[in-house]
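Given next are the chains, with one letter for each unit.
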Amino acid sequence: MEPIKDLIKRLADRYGRERSSLLPILQGVVEQEKYLSEYSMTEIARELNLPAADVFGTATFYSFLENEKMGRYIIRLCKTITCSMKGENQILLTIQDLLKIKVGETTPDGNFSLLQTNCLGFCHKAPAMLINKEVYNELTPEKVREILTSYINSNGGGKENVNNTSS
Amino acid sequence: MSTTHLLKRADFIFKSDNDWKDVLKKSLSRKANELINELISSELKGRGGAGFPTGLKWKITSEIDSDEKYVICNADEGEPGTFKDREILSRVPFKVLTAIAVCGHVTKAKKGFIYLRGEYFFLKEGLEKAILEFETFCKTIGFDFSISIFMGSGAYICGEETALFESMEGKRGEPRNKPPFPSSCGYLNKPTVINNVETLAHTYTIFKYGAKRFYDLGVQFSRGTKLFSVSGDTPKPGIYELELGMSLADFVEEFGDDDTKAVQVGGASGFLVPRKRFAETTIGFQGRLVGISLPTGGSMMLFNSSRSMFNVLDNYLNFFAEESCGQCTPCRVGCQQLLRGIKAVKRGEKNAGYLDKLLKLAETMTYTAKCGLGQSVANSFSSIVENFREEMIY
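First to last, the sequence lines map onto chains A and B. Each residue of the first sequence is one higher than the one before, counting from 1 in our numbering. Each residue of the second sequence is one higher than the one before, counting from 1 in our numbering.
The following block holds chain B by itself, in its conformation from the complex (with noise of 0.2 Å):
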């Protein structure tokens, strides 16, 4: 089966949000099994990048007996190269409200948050009128849930969930052990439901529509679509919705410049593909039936033949080594001893077979950090260093 097609622009999720109140009802009468059942028949997976199964996330907390539980959205878009949280927030709030309402319908958690990034404050004035106004109308109709934001204050590495509990709880955002996962242990050690911005927009068009109309788009293992921030060596910058499963040859003929040289798929932590495997590459989640497949939170960075690929690696390990929380070794001195390195190389000072070292301690850092930031440094450094191994040394 081929798992490509060609670029399918869709328009859900920007679509209007003035129905929330019917779909809030309507959600809201319905067993809590039922709505699970629905998310899982259509195959959502988490839209931050990492793809965990919404429904089973939902499932799995609504099935934990405690007194207490929350609901998070998570609104910490840092990833470099992603904006469509941020744009989602700010036109079509009341899906974000209403999901994150019925996913406490559905668990029973009586309390949800919004987590903002810092960078973001100029939406909190809109974002608490539209709590206002959703929580109103939640008394009216009798259901007890009250939604709160709570501002972060600048650190990428609160975008990792447990971080972003320990951010909530007043400490330093400092990634936890897992397990045990946020599903039975997340914010205050309560079951927590925490989703991305855009994952709560989706589960909204599902309850409109169906879990059909969802699963009917895209591809196998990776149903639905998806917002992509466009952004780098293109004429079309912005933010679009596309079905997932497409070719990345076919992503870069309508955004590309005709120059493209790379595409950095899903931000700093991502992957960079080179020209040369735009046609095999498939984004989407798994399917390794064709090529290669990749996911993402959603970040498209081109880079035309102008690009030096040392300067992108050296402003992605400027950006790790300083968003590094410092907890654990591997990722502290890790991407401070990485960037020194590439550094020394197109210097002189290290030979061209450092770069071969460098590579080996960015695979330990992927087997001995801690969380997700130190783990995928080695993502868009390997991927980097072994397509553009010229350009790091001359």
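Extracted from the complex, chain A is given alone in its bound form (with noise of 0.2 Å):
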């Protein structure tokens, strides 16, 4: 893995260092990081020459720029109300038991981590999910057991694309 440092410098000879280029840099930073640390948002700041409070404002407004160590895999299940009308509570209770971990835990190993979050956009195919940039959707209990243990079973291979229909 790229230091935090050097993947933030070529971040912003890639998207510039204007402050129009913070968001894609810190998106490039949680790609890898799966989070942004203080440090990360100092050293962004440092190479765009904001100030850190800027930075730590901008990162903290999105929902998808986790400021907490995330898993490998963040899991996020869409509680709107197609999803949760077509039984995303069942969902939850699926991958809470299955990985033994609540809503905003992640497992000792560090590969999974639990998040609800809002619409998805897949209300005609609900419930629906993402694992990472992965979208699950018209889940059942059984469905969602097979996605996980395809996660599980591929650990160390990074194999996201398991039984993907995304649109």
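If you are wondering where the hints come from, they were derived from the structure by calculation, not from laboratory data. Do not rely on the hints blindly, as some may be mistaken.
Chain A stretches covered by chain B per the calculated footprint, using a threshold of three residues with CB under 8 Å from any CB of chain B [as the list claims (entries may be wrong)]:
1. 17 to 23
2. 56 to 65
3. 75 to 88
4. 108 to 121
5. 131 to 143
Taking lysine-lysine pairs in the DSS-like style, the calculated list, with each CA pair at most 25 Å apart, reads [as the list claims (entries may be wrong)]:
6. B:K343 to A:K102
7. A:K133 to B:K108
8. B:K261 to B:K346
9. B:K124 to A:K9
10. B:K139 to B:K129
11. B:K124 to A:K133
12. A:K102 to A:K69
13. A:K143 to B:K236
14. A:K69 to B:K171
15. B:K171 to A:K9
16. B:K15 to B:K212
17. B:K171 to A:K133
18. B:K208 to B:K31
19. B:K129 to B:K111
20. B:K124 to B:K110
21. B:K190 to B:K208
22. B:K171 to A:K5
23. A:K133 to A:K34
24. A:K34 to B:K124
25. B:K108 to B:K21
26. B:K190 to B:K178
27. B:K108 to B:K208
28. B:K190 to B:K370
29. B:K26 to B:K110
30. B:K108 to B:K15
31. B:K261 to B:K15
32. B:K171 to A:K34
33. B:K21 to B:K208
34. B:K178 to B:K124
35. B:K26 to B:K108
36. B:K178 to B:K111
37. B:K346 to B:K357
38. B:K190 to B:K171
Given the structure is predicted, the values throughout are model-derived calculations rather than measurements. Ideal placement from N, C-alpha and C gives every residue a C-beta, glycine not left out.
Need the complex rebuilt from these two chains, each delivered in its own frame; the hints are there to steer you.
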């Protein structure tokens, strides 16, 4: 994994050092690190010559820019109305049961974090969830077990395209 | 004049985009004024939900003198129950790219952006490929225009156009005061045309077939077709292109499950219509000529009699309380208090009369909140509480 300082410099070279480059750079750091540490944020501030408070202010506004250490796979289960009507709670219980974590927690091996999120735009195929950037929809407890098991089994391989039905 | 008619299906938006090169070349050969007049006479209104006349939007920006202008496609599709823009971008991306470029031609902008919500990251790769092919073609015909994707990071409020600019500028997605409007002062304070994905796709139809073909569809004040995202208690959830001006009764006849108790029109920020009002409600922008007319970004969520309207409202208010940007007090505190208030009434800690106080609070938010988010919370709150008061209490 690239050292954070190098990563930030590379991202700044690519996107520029304007204020309008901030979000892509924050996203680039989160992509590798899965979250923004205080160190990352102050380094970004230094690289872009911005007040650290401004970087912190922007970074903490967006729900996909995490400020706490997250697992390798971040599960975001949609809890908005249609998913909630179509059995989101059963899916949540299944995930919690399988991974032995609650919402907001990360598995001790650092592989999975479980979060809830607002409307993913798959209301016609509810319930839906994201694992990192992959969408899984029309979930049932059986299906979500299968998906998570395949992630667990591919542990280390980083295989993310499991049974993806993204459209 | 009747503004209602039976449900009419249409098929423009998802018709193949493989003629985009012809549409682009033909449009670029026409004068800006001609294209603007075509849009104005089509009476196309913004399909994101607000319904501002698209031709007028392009015209205002085209008339402003500036060295730098931008065209932005708003693909921050976050309204609960809306999923049409994703489908447009994945199935007919060249229609949207062509429309962005034609808008650039009309307004003399050289740079276009697609602000894509973080949740739709999986669309990015395909879109980038399409953009590359598109830009290469633009070069071969000597048209200087580039398009970039800007990714969002999970914030509903960034669908509000000025919050979207703030976000692109690397700031918190907090809406600006209006005026000034984006047409003269948008991204980086430069004149900016910002259109919803679907709006742009409709301009493609208009440039291809001419304004009349579009104008002839729909009803007075609500011309053309619209994509509807249908979800909830329906045997056929999905995306449907329908002519505007249909009655909600016809819609429920087609999409309901014979037990439809209410329909949420326009997502969480829209209105809940109870069964007794289906017949008098039409889906369109304006036209209080007959009954009620509801504008919408296309979200249609159906609820049958098994659903508790308290749970529905509770879900919406949680959504708003989380997605409020927190900048202005009416919205930040208002959303939280409405949520706490309905829970207190449900638990019996407050009497039923407290609901009237909450209705007043919601109304106050409509007048005092800074942007559309806070102003529209009362839409669903009041329409649910007023129509299903007993479900809030017992």
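Legend entry - Which numbered hints fail: 7, 21, 30, 31, 34
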